[in-house]
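**Q** Taking the hints as your guide, dock the two standalone chains into a single complex.
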Amino acid sequence: MRKQFLSLAVAVAFLGCASDSGSDAPLFGMQRNDPLVVGDQSMPRVDEAGVESRFEFKAADGKLLVVYFGFTNCPDLCPTTLADLRSAFRRVSGSAEKVEVAMVTVDPERDTADRLVPYLSSFVDDPVALRTTDTNLLERVEAAFLASSSIEKEATGKVNVSHTAATYVVDETGTVIVEWPFGIGADGMENDLRILFEDL
Amino acid sequence: MKKKSIIAVVASATLVLAACGGDDASTDTSTADTTMTDDTTTAGDLTAAGEIVVEGAWARTSPMEATMGAAYMKITSPIDDELVSASVDSAISMETQIHETVENEAGEMAMQEVASIPLVAGEVFELAPGGYHVMLMGLSAPLEVGTSIDITLTMKSGATATVTAEVSEDAPSM
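Protein sequences appear in the order of chains A and B. Heads up, the first sequence is in the numbering used here, so the first residue is 81 and it goes up one at a time. Heads up, the second sequence is in the numbering used here, so the first residue is 174 and it goes up one at a time.
Isolated chain B, as found in the complex (with noise of 0.2 Å):
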């Protein structure tokens, strides 16, 4: 059941120079010019300017009357990044937005829009149940199993990632 997805960074220069932040900017130039080959929006690429990878991603089915959905996943990207949004075809949702859930000072649980989540390079961040999700707001039809939805992740660097996460009743099996 465990799906990889490799999601090539939709590569730009500037995003190679931002992996390589702090460094000397002509040695960073020249790095972007070997790298930036058609090769590198492949998926089968795995060099040093690397790729998003997206694991796991999957949405919980969603009853009848549930006019909000959630998708979970994990991201790693090769650089220092941020998600700042996320978004599926609108014929799915409405609106898509990165929620956390948190606790407050009564101890309930709420949730909150966050305006981005950071990603450190090589690193693993996990949205999962009870944490950060992907929310799917005014679903037009129920999440069903057997079903699945395409996921663009936008990050701050411009770099975009598309994800296929599946439906399904509970998170998929480690």
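Excised from the complex, chain A in its bound form (with noise of 0.2 Å):
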């Protein structure tokens, strides 16, 4: 709830900024003095077919990754970051060109790649697929965005899948920008595509 808050805060802060200069805005997401550096991890992209090919986390050249850990049995957080990225990118002209959205899933027995593809196809054009059931790997990569998750199965067959709700904006060399932490909503995801858009 109180994030609800926070992001209507936000929401109200920036529309104030807005009308004096949109160059001096500030981002909302956060910023580390240290940046996180992903540009040498990799895993496997997978297709609907499930055909494999190496991915990099690192955006092409000119434009922005976005990467988030989930998976698609989730009801709450997953569907609101997801939404809220197409919110924003229906908000911010030549989104669609300039940033690259990817999905790892933290629940890649139950997220096979058929399911996955068009799962995130349903939110953005064009997604990106990540998927191993490499634990080791998956793992290193997560570590790498200082992220993790855990599933745990019950008896009774229910799964419960723990993860880290951020989404990472990565740029071409590998670095990790921005991080938005959930709740921070369309509008802030808005305010900061268009500032980073003035950079690429």
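Check the hints yourself; a few may be wrong.
Beta-carbon label-pair distances, calculated as ranges [to be verified]:
hint, chain 1, residue 1, chain 2, residue 2, range
1, A, 170, B, 315, 12 to 22 Å
2, A, 113, B, 295, 39 to 49 Å
3, B, 311, A, 134, 30 to 40 Å
4, A, 142, B, 293, 46 to 56 Å
5, B, 293, A, 133, 47 to 57 Å
6, B, 278, A, 253, 27 to 37 Å
7, B, 331, A, 136, 55 to 65 Å
8, A, 239, B, 276, 43 to 53 Å
Calculated from the structure, these hints are not laboratory results. Don't be surprised by glycine CBs; every beta carbon is placed ideally from N, CA and C.
**A** Okay, here's the thing in structure tokens:
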């Protein structure tokens, strides 16, 4: 609930700034003094047929890469984040061409390629679906983002998934330039995309 | 877009007694007698016995591949009460639970089922993304824009309310 209020307050603050001058507006996302470098990490990208190719965590030249760790059976956080991204993209022209969206599934056993790719495609065009059943590799990639996840299976068959809920914006050098905590909302993402696009 | 649903409490004398808890019992009974007319079961009556008010109920669209969905809303109970369950037609989802998204020691976000949500008389309790939600488990079909889901809320007092949640891509604007 607090996050809800936060994003509201942020939205109001943004509207206030926007009427002054756009260029000096601050980013809403988090920026580290010592940014995370993830460009040396790679993992399998899958297409809907399950064909794998190697994906490096770097944006293409002149673009941005947005990375999220989630899973398709996630009813609250993941669809909220992906829907906020979709809204922000609709509001900021050129987003589809300038930003590539990648989701790493933290639930690879259930998120097979034929589920993962269409799921992501329902939110963004040409998504990057990343999936590995190699636990060590998944953990290594997560660690580079200071993220983590865990899966606990109950005897009843119920699966409990915990995961870091932040979204990461990566540049072409493979550096995380902004981290969006959950709750930043479409307004926060929109604000940051407009600012980041100025430097592309 | 803002939709306000006022649902009459399925009234019973015990509910009104609960609402007046702590007061002299005989007074309570007479209050119940005067307010428990047929009017209390209609949405137009805003007497002290009150209704459960649910505003802005919505459920997010779900992609074809998703088997889980979530609905959000703002609930105001006329009495101190607890939301103990939510249910939808089994043709829509196999099971419905009330969930809370919480952060664990590792900084990861996880969901857990909650037994109840305490409602303070007259105060709005919001189920919102990242917090509490009505979780629709085992969706039989994707939730699509233009459709709606009837959700029945049951309180510890025995009161029930049925609210219509519109399916939309994003939260309805305030």
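**Q** Can you give the numbers of the hints that this structure goes against, from lowest to highest?
**A** Violated: hint 8 alone.
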